[in-house]
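Start from the sequences, fold in the hints, and give me the full structure.
Protein sequences, first through last, are from chains Z and V.
Using the working numbering, you'd call the opening residue of the first sequence number 4 and step up by one each time.
Using the working numbering, you'd call the opening residue of the second sequence number 4 and step up by one each time.
Hints are not guaranteed to be accurate.
Since copy identity is lost for identical chains, a pair holds within one copy or between any two.
[Unchecked claim] With a straight-line Cα cutoff of 30 angstroms, these simulated DSSO-like cross-link-like pairs (lysine-lysine) come out: (1) 182 <-> 423; (2) 33 <-> 229; (3) 445 <-> 194; (4) 445 <-> 423; (5) 182 <-> 194; (6) 194 <-> 33; (7) 465 <-> 445; (8) 182 <-> 465; (9) 224 <-> 445; (10) 465 <-> 33; (11) 155 <-> 465; (12) 445 <-> 155.
Simulated from the structure, these hints should not be mistaken for lab results.
All values reported here derive from a predicted model rather than from experimental measurement.
There are 2 protein chains.
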Amino acid sequence: MSKSISDTGRIEVTYRLVCDPHEAETLARKIAYEQTVELPEHMVTDPDVLELVVGRIESVTVSDDHALASISFNPELCNSQLPQLLILIFGNASIFPGVRIVDLRLPPGLLSCFNGPGFGIDGLRHLLGVYDRPLLASAIKPRGAPLDAMAKMAGAFARGGGDIIKDDQNLVDSLTDFKKRTGACYDAVRKANEESGRNCLYFPHVSAPVQELEGYFEYIKRVGIKGVLLCPMILGLDTVRSLASQYALIMMAHPALTGSYTNSTEQGITHEVLLGTLFRMAGADISIFPNYGGRFSFSRTECNAICERLTEPLAGLNTSFPAPAGGMQYDDLPELCSVYGEDAVFLIGGSLQGHDPDLVAATRAFQDRIREYFTERLETPAQEFLPACEIPGSVRAIAQHQLIFCQDYNWEDRESIAYKPDDELSFAGVRRIELMGQHGEKTAFDLRYFEIEPGGYTSLEKHRHAHVVIAVRGIGVIIACDRCDIIRPMDIAYVAPMEIHQIRNNGSEPFGFFCIVDHDRDRPIAP
Amino acid sequence: MSKSISDTGRIEVTYRLVCDPHEAETLARKIAYEQTVELPEHMVTDPDVLELVVGRIESVTVSDDHALASISFNPELCNSQLPQLLILIFGNASIFPGVRIVDLRLPPGLLSCFNGPGFGIDGLRHLLGVYDRPLLASAIKPRGAPLDAMAKMAGAFARGGGDIIKDDQNLVDSLTDFKKRTGACYDAVRKANEESGRNCLYFPHVSAPVQELEGYFEYIKRVGIKGVLLCPMILGLDTVRSLASQYALIMMAHPALTGSYTNSTEQGITHEVLLGTLFRMAGADISIFPNYGGRFSFSRTECNAICERLTEPLAGLNTSFPAPAGGMQYDDLPELCSVYGEDAVFLIGGSLQGHDPDLVAATRAFQDRIREYFTERLETPAQEFLPACEIPGSVRAIAQHQLIFCQDYNWEDRESIAYKPDDELSFAGVRRIELMGQHGEKTAFDLRYFEIEPGGYTSLEKHRHAHVVIAVRGIGVIIACDRCDIIRPMDIAYVAPMEIHQIRNNGSEPFGFFCIVDHDRDRPIAP
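Laid out in structure tokens, this is it:
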């Protein structure tokens, strides 16, 4: 077996090219330049750029109706991030006619920048306490069904011995309705679990405008739901990576919109690279794909290729469960068991729910059928499984518990510094102490102490962030919104965004106040 | 002209189907069910679901090699958000072979949920002070060029009279390097503008892991850069919408990865629906697309269709600039001017930079050529153009400037409330006042005041958010991290995430303290 280029530390992409065989080499060079410098060859002469930036043609092999071009890239060009990796391997080349990514191999150094699946096959089995057989999953549907019918469905599936019940990806609500619906479904599953001693998992589908996602995830964490269904190509591959990692949730990836990439043999990205390698890098613990022979268009070979990418060694990343889905029937189970083996999730919606009007019985029937082919091993489900990153990630260093004792309006370990780093805005007689937020504390805010000498004043300014001021020493004057007010210790002022404001000390002793602001904020400007 | 279905308040999607003509109607019905209930027809019997949820076949017309199926959907199914709109119109159907979206018409009620382009054609012209001619744009390249060469390139383009200079989408850096590079380019453009009195705009490309994006955007806003280049299909369509809107920046949308949708006639989404309608809804002020006849595969008809979608009336959304790009030459300018007219941005990279070693002269030559076909009207560039949402959006109501005067540790307009809403955790003798953050204030934090009676204590708890505590009255004991410390007025304590902690009053007078926490935070749990 030849050594892969990725072992040499470069990204290796194999493109399938549909073109005149005599043009294959030219098209390969065009891709190598387009994807890196986006200039014609003759305009690139800097030897460093040629060596470090331009893609390198490793091989071009031509057959009757297509060519395969292997092009390698310097991994530094993607800056250890998924969005730029996509731009590098396929951004503009996706628009060339007849160009398709059929393989992607990444060097271990780059792969290790990604956490990958937070739970993976092992973590999920640990949570479920289910070993040595495939898992059975189903979907709550249809949209429009009454809330109690949905909750009942979830509970029945759990009581029937199902492993994972997820929302259909067309289920979506306002946060208020989401809480009601998912809360009811989760409660039904929990109740069934209490009776059975098992740990059927419930994964709600989350889709919301980006700025509202946090509310959904905070709720999910708060009630103790362990995983979610997300659509990577809808929300963005890196958005789902970030969410699953930040909230330490099991991520079941749904293939919505991926057909545009996988369907045609003459463009896009193959099934296994997109739903296998890339989804796994983005942290999918389970990757759903249309099973061959169902109502979609995947072949058995393509399905097998996805499974291989999800479970092959990949620089220490956890493995992911393949989850074939779509039109799988009760009578298909023997073949599914044989084709996919034990490390798969069989996601069966309509045909399971149509199998028996009693969903408990239907689930049991499917699960029993699976058990005919595997010797299931059950253990007590893990009560808690903490992946590496239980505490939402932050790029800031983490400060431990600390106390800063105060003496005469100075604090231990905290120096008074210049009020403003430069003098672009006018002020006088102000000292400032950064108390919290600038020393590695994990807070969304900064706490500062300011003290103005008699006769002094802060700069007259405005900014998009808000201020909260707590007066603690002496007497001050706050000017904001064309008002002028005297504030004394323990009075609190709120300065709204873009309000022109200033704080002055017209008294005869120092005026001191705490000022709390968002950690991430804009710079003040003159009014 | 027949009345569009969208005028009746429904979403109308036209799918092009490649299938046996006798199967077209069946395939259309399959799509209508797949996209909404994901169940076979015979399993859906609830009249409400049939009426309100299942897609409605409006028409199926069959021709020789394909059929056109018009299917309408209840707009409530997409919950006023882009991610779910994509799932609804194409999530699973994208995986059916031979199904392509060729038209999308949305009802005004749904469109009005989106802000669309924050600046649009009018806003951009106002900022530039350039009217009645197409705009000239170019790209800073190649990656790997020295920083000063890039800055020089940006400055020369501005001095030559260019309108917009953007980063190539393969330019990407760590935040530190990004600041250096974009700062240098922006300064060079600013300096050129100061000399010329014009307002050439510089748009850096932003691509970063989701959790780091904020740092890039905060920097951009801070230095005063007015716009960015973003790749919607790389970062996620709703992610770019959210970013452009939140930071009130001009968004130039790059078509990276869109070829997988647009290239094939047998799958995906047509050029004009994706790069026209959907990008405009996501807030693209400028939508870049490969010009016909260049090195990509778009036809002139497809380019015209994109222009039409970007500029046609769309329920009050601003219009977007079409920006043809890719292999456009100096000698193409007359034709480009005639085909695209004045409301276009000609994005010309390599051929402009290869036209004359002196980039000032090259830019001037291109701009002069354009002026041969239009009578340019110049006005003084607007110093400041505030789009509707200058202040980053928040779903919270906006509080104005306010002062809350304190009297004996009670505050005006703020009631003491129960310490915990329920008694799941044990505590005694604690009162609490929500001072800031829960009354509509635009802050990332909440400020509360707690007071513990002699002998009282807060619950022993932990949570993923941090606490900052400022003692202000009496003497308290803080237990955290297995330590036990006495704190007095003006002492400050930081409790790190997941540290088990409690605050007690072992003294004989009330112990009062401010506690600051992130506004968005998890719920405390027992240790």
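We went through each hint and held it up to the structure:
For a Cα distance limit of 30 angstroms, the shortest separation of residue 182 from residue 423 across copies, 21 angstroms, qualifies, whereas the shortest one inside one copy, 45 angstroms, does not. Taking identical chains as interchangeable, the C-alpha atoms of residue 33 and residue 229 are never at most 30 angstroms apart, the minima being 46 angstroms within one chain and 33 angstroms between chains. When the C-alpha separation of residue 445 and residue 194 is checked against a cutoff of 30 angstroms, the pair qualifies neither within a copy, at 36 angstroms, nor between copies, at 39 angstroms. In this homomeric assembly, residue 445 and residue 423 come within 30 angstroms of each other (Cα to Cα) both inside a single copy, at 24 angstroms, and across copies, at 24 angstroms.
In this assembly of identical chains, residue 182 and residue 194 lie within 30 angstroms of each other by CA distance solely inside one copy; the values are 17 angstroms within and 53 angstroms between copies. Taking the closest pair of Cα atoms, residue 194 and residue 33 never come within 30 angstroms of each other, the shortest separation being 60 angstroms inside a single copy and 36 angstroms across copies. For the identical chains of this complex, residue 465 and residue 445 are neighbours both inside a copy (26 angstroms) and across copies (15 angstroms), given an alpha-carbon limit of 30 angstroms. In this homomeric assembly, residue 182 and residue 465 come within 30 angstroms of each other (Cα to Cα) only across copies, at 24 angstroms, whereas the closest approach inside a single copy is 38 angstroms.
In this assembly of identical chains, the alpha carbons of residue 224 and residue 445 lie at most 30 angstroms apart whether taken from the same copy (18 angstroms) or from different copies (24 angstroms). When the C-alpha separation of residue 465 and residue 33 is checked against a cutoff of 30 angstroms, the pair qualifies neither within a copy, at 51 angstroms, nor between copies, at 57 angstroms. Neither within a single protomer nor between protomers do residue 155 and residue 465 lie at most 30 angstroms apart by alpha-carbon distance, with minima of 54 angstroms and 34 angstroms respectively. Taking CA atoms no more than 30 angstroms apart as the test, residue 445 paired with residue 155 passes in neither setting, with 41 angstroms inside one copy and 40 angstroms between copies.
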